[in-house]
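Take these sequences, add in the hints, and give me the full structure.
Protein chains: 2
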Amino acid sequence: MGEIVRVVVDAMGGDNAPGEIVKGAVQAVTNHENIRVILTGKEDMIKAELSKYSYPQERIEIVHTETVIETAEPPVAAIRTKKDSSIVVGLTMVRHGEADAFVSAGSSGAVLVGGQAIVGRIKGIERPALAPLIPTKDGVSLLIDCGANVDARSSHLIQFARMGSIYMEDVLGIKNPRVGIVNIGAEEEKGNALVKETFPLLKQCSDLNFIGSVEARDIPEGVCDVIVCEAFVGNVILKLYEGVAGTLIGKIKGSMMQSLKTKIGALLVKPALKSTLKSFDATEYGGAPLLGLKGLVVKTHGSSKAKEVEHSIYQCVQFTEQRINEKIKEHITL
Amino acid sequence: MGEIVRVVVDAMGGDNAPGEIVKGAVQAVTNHENIRVILTGKEDMIKAELSKYSYPQERIEIVHTETVIETAEPPVAAIRTKKDSSIVVGLTMVRHGEADAFVSAGSSGAVLVGGQAIVGRIKGIERPALAPLIPTKDGVSLLIDCGANVDARSSHLIQFARMGSIYMEDVLGIKNPRVGIVNIGAEEEKGNALVKETFPLLKQCSDLNFIGSVEARDIPEGVCDVIVCEAFVGNVILKLYEGVAGTLIGKIKGSMMQSLKTKIGALLVKPALKSTLKSFDATEYGGAPLLGLKGLVVKTHGSSKAKEVEHSIYQCVQFTEQRINEKIKEHITL
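Protein chains in written order, with numbering that gives the first Met the number 0: chain E, 0 to 333; chain A, 0 to 333.
None of these hints come from the bench; they were simulated from the model.
In this text the structure is predicted, and so the values were computed from the model without any measurement.
There is no bait here: all hints are sound.
No copy is singled out in the list; a pair is fine if it fits within one copy or between any two copies.
Simulated pairs of lysine to any residue, SDA-like, Cα-Cα distance not exceeding 25 Å:
no. : residue 1 : residue 2
1   : Lys202    : Lys326
2   : Lys189    : Ala76
3   : Lys262    : Asp137
4   : Lys51     : Glu65
5   : Lys250    : Leu171
6   : Lys189    : Ser153
7   : Lys304    : Arg216
8   : Lys252    : Glu214
9   : Lys22     : Ser302
10  : Lys252    : Lys262
11  : Lys195    : Val75
12  : Lys250    : Ile173
13  : Lys304    : Glu214
14  : Lys46     : Thr66
15  : Lys195    : Ala116
16  : Lys250    : Asp137
17  : Lys195    : Asp217
18  : Lys136    : Lys277
19  : Lys273    : Ile263
20  : Lys136    : Leu276
21  : Lys189    : Pro73
22  : Lys250    : Arg216
23  : Lys238    : Ser153
24  : Lys306    : Val170
25  : Lys273    : Asp217
26  : Lys51     : Glu32
27  : Lys326    : Ile3
28  : Lys189    : Gly301
Laid out in structure tokens, this is it:
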């Protein structure tokens, strides 16, 4: 058994809070001995949820907070004014070393802004990056950046590549991860000004396994492990993934309900199909870490259920045990 | 019957040239009386293909060209040096008014560069835009721009919105088409510098039915008819659409072959499923027009078969009959 890892979980964030969030925390401490969870949020609501389960009680603590930051609120103002919210209190605990990591399914904007403002950046990191895992044909790839860093510079992208590479190697155990930059063609001379400037700089990074340009068409095939792009493009990729898969699956389900014949066929293929579609569901892969901060902040999908929350907590353990932040610090001075 | 529309078709372009290209041309003139096709390419090869069919011979002409621009060739140099290629000769005929439109499944780069250099831009259009139709839940949307105009300015995007709107209204018959701008959130204050600058300008365009920001997640649901973005983002959207759908369909097919039970089920759902997947296949929707040129240039997918070539030719007829270029000219002076 390793050291105890202390994870603050925002019990009030997301569509299924606090029920599924609390359930995920209970599952995590039940299944892993070296996890302690601190739930931030309304104490009475959290207690009501916790009372449904039996679990190692000494490893879940509640820190009562009065307010909740809503998804629609402007994040900067929310972080500044709602000092007693589950997000601000959780992030402040990470800042003060009272916890190792913070997980939230709440407002993305507030988590991103709060992560930078409260936890703070690692020295030398110009911008932290939100880096979700996306499903590919036979595995996952890290998409970095999907955050709020629009209009990025090439130096940011280089740092994203380095942080993503460390994460994939040490958290996911992928040796010498392949790093690609999203581009509109395979050739080095293709691309917009940012990509053209960044490409040769990435080529020079001897610490990276840079494989060159990656076209969006090839991303789902899993051609690289770390997909580098600026946040606007990353956001489009992440959301379109979800959108195309969702619409297509909806159409497939519809077509299987067309007649008695297709309905019988659907019953026969359903179990196999279900597991396939599940493996292609981005929400299955825990949360997206905000890499480059002094502490770990993980944003999970707003629609997260207990299982995703549980997985996000395990991600935090892996991240902490592998000393990812120390490794990022070392690499950034390169 | 309307006026005869003269379409030059590059018989040498694409993975299935000249066989499928010639077949598509034959189908088009056979099914529609008011089409004349001029095939550019190696005369002996084209003649050999044509000899397989019976068709109204007076409506297919061959213009022999000696060279072919390959997909891998740098486009600017290719257009400059290969004056006797099927692409340069075809585009030159459009320029001189010897044809109304040009269709090619060959090198995208060469078609884009050649379109601008040889056919030329409509006065007032700063940049032409490549605008493919992409499948949505119950129809199609026009994605503008997917061309080579990286690092676009807001004035370009406004022109794209106007041209796309005219195209959807007059070629596809969609009344008052909904125009959206690709963004990373629904709110007006979201986005990168380009989107933030363009958003209020689009709002001011009283000739457009501007519905605001569109998140990538919602594109496949068909939330708008004209999807405005700069070419880098457009290229990512177009190719990711293809990639996610392709990989997901591959996985679904794989899961249906897992056992005898699933194989029987697959047989029962197959016909319904096939037509569903077909409706979500971007290659089904003919070619992408290069809007903003003095003549019509249409780029079809490199893997186009006869049917796509045929559809692209019909697109040209619709475009010409609806006097799209005249309408674009009028609108640009607004």
